[in-house]
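Engineer: Protein chains in written order, with the numbering used here: chain A, 36 to 151; chain B, 207 to 321.
What the hints contain is simulated information worked out from the structure, not anything from laboratory work. One or more of the hints may lead you astray.
Computed spacing ranges between beta-carbons, pair by pair [claimed, not checked]: (1) S276(B) - C48(A): 23 to 31 Å; (2) Q95(A) - P236(B): 43 to 51 Å; (3) F74(A) - N267(B): 21 to 29 Å; (4) K275(B) - T52(A): 22 to 30 Å; (5) W45(A) - A223(B): 33 to 41 Å; (6) K99(A) - P321(B): 44 to 52 Å; (7) S44(A) - G268(B): 28 to 36 Å; (8) P321(B) - S89(A): 45 to 53 Å; (9) T117(A) - N320(B): 26 to 34 Å.
Computed cross-link-like contacts, EDC-like style, restricted to lysine to aspartate or glutamate with a CA-CA straight-line distance of at most 20 Å [said to hold, decoys possible]: (10) K76(A) - E277(B); (11) K308(B) - E122(A); (12) K308(B) - E98(A); (13) K76(A) - E294(B); (14) K264(B) - D123(A); (15) K255(B) - E122(A); (16) K76(A) - D100(A); (17) K99(A) - D62(A); (18) K55(A) - E98(A); (19) K76(A) - D123(A); (20) K308(B) - E139(A).
Beta carbons are placed, not taken as given, at the ideal position from N, Cα and C, and that holds for glycine.
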Amino acid sequence: GAVVSQHPSWVICKSGTSVKIECRSLDFQATTMFWYRQFPKQSLMLMATSNEGSKATYEQGVEKDKFLINHASLTLSTLTVTSAHPEDSSFYICSASRTAGTGELFFGEGSRLTVL
Amino acid sequence: AQSVTQLGSHVSVSEGALVLLRCNYSSSVPPYLFWYVQYPNQGLQLLLKYTSAATLVKGINGFEAEFKKSETSFHLTKPSAHMSDAAEYFCAVSGGIQGAQKLVFGQGTRLTINP
Numbered sequence: 036g037a038v039v040s041q042h043p044s045w046v047i048c049k050s051g052t053s054v055k056i057e058c059r060s061l062d063f064q065a066t067t068m069f070w071y072r073q074f075p076k077q078s079l080m081l082m083a084t085s086n087e088g089s090k091a092t093y094e095q096g097v098e099k100d101k102f103l104i105n106h107a108s109l110t111l112s113t114l115t116v117t118s119a120h121p122e123d124s125s126f127y128i129c130s131a132s133r134t135a136g137t138g139e140l141f142f143g144e145g146s147r148l149t150v151l
Numbered sequence: 207a208q209s210v211t212q213l214g215s216h217v218s219v220s221e222g223a224l225v226l227l228r229c230n231y232s233s234s235v236p237p238y239l240f241w242y243v244q245y246p247n248q249g250l251q252l253l254l255k256y257t258s259a260a261t262l263v264k265g266i267n268g269f270e271a272e273f274k275k276s277e278t279s280f281h282l283t284k285p286s287a288h289m290s291d292a293a294e295y296f297c298a299v300s301g302g303i304q305g306a307q308k309l310v311f312g313q314g315t316r317l318t319i320n321p
């Protein structure tokens, strides 16, 4: 199966700083990437859909200025948590697809953010 | 709109016993349905998916699920549990071919296997 990698796997930062999480498709070109947030022992909530070369589409209730998403190439999407606060601490997971619309999704390993 | 309800946040079975994880869905369009497995601090791995073909879907690791439209269900089963099956399982639904990639996940079911 296709491989999607996230970096970093773990990050601890101070409140008020910004953190960037990368999502890479290692062996395929991803036309679409998705970012999810998962609270402890809870389900995944879709935050935004990221299409290469265009602005991300955010789900209702997700602050686009807080969670900046950039999909500059067909193999890389980044999520930047700006001015992070403890309530932003969570497990962030990305997924990617070769084909827009119906292609199978491949998930990254996730990135755990802890804001002190 | 789509939604998913997983009945039972925690299921515990003995090794070798039948595994049954329940999932009911709601969808305003013909749905695509998925089961994913998540091991601690990892991403999700696709177990199987239903995309309007055969209603009985076989997946990896001996799992299978049956789409029952009349019951709006997509329960996951495995005849004989292994210790390695212990993990979190998520059922997900998407809006069919038009919205196949926009997944709505259930709350998850933690499966524990007793020796």
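Engineer: Each hint: holds or not?
Structural biologist: Now the hints, each set against the structure:
no., hint, verdict
1, S276(B) - C48(A): 23 to 31 Å, "violated (50 Å)"
2, Q95(A) - P236(B): 43 to 51 Å, "violated (24 Å)"
3, F74(A) - N267(B): 21 to 29 Å, "holds (27 Å)"
4, K275(B) - T52(A): 22 to 30 Å, "violated (50 Å)"
5, W45(A) - A223(B): 33 to 41 Å, "holds (35 Å)"
6, K99(A) - P321(B): 44 to 52 Å, "holds (48 Å)"
7, S44(A) - G268(B): 28 to 36 Å, "holds (29 Å)"
8, P321(B) - S89(A): 45 to 53 Å, "holds (52 Å)"
9, T117(A) - N320(B): 26 to 34 Å, "violated (45 Å)"
10, K76(A) - E277(B), "violated (27 Å)"
11, K308(B) - E122(A), "violated (25 Å)"
12, K308(B) - E98(A), "holds (19 Å)"
13, K76(A) - E294(B), "holds (9 Å)"
14, K264(B) - D123(A), "violated (38 Å)"
15, K255(B) - E122(A), "violated (34 Å)"
16, K76(A) - D100(A), "violated (27 Å)"
17, K99(A) - D62(A), "violated (29 Å)"
18, K55(A) - E98(A), "holds (16 Å)"
19, K76(A) - D123(A), "holds (16 Å)"
20, K308(B) - E139(A), "holds (11 Å)"
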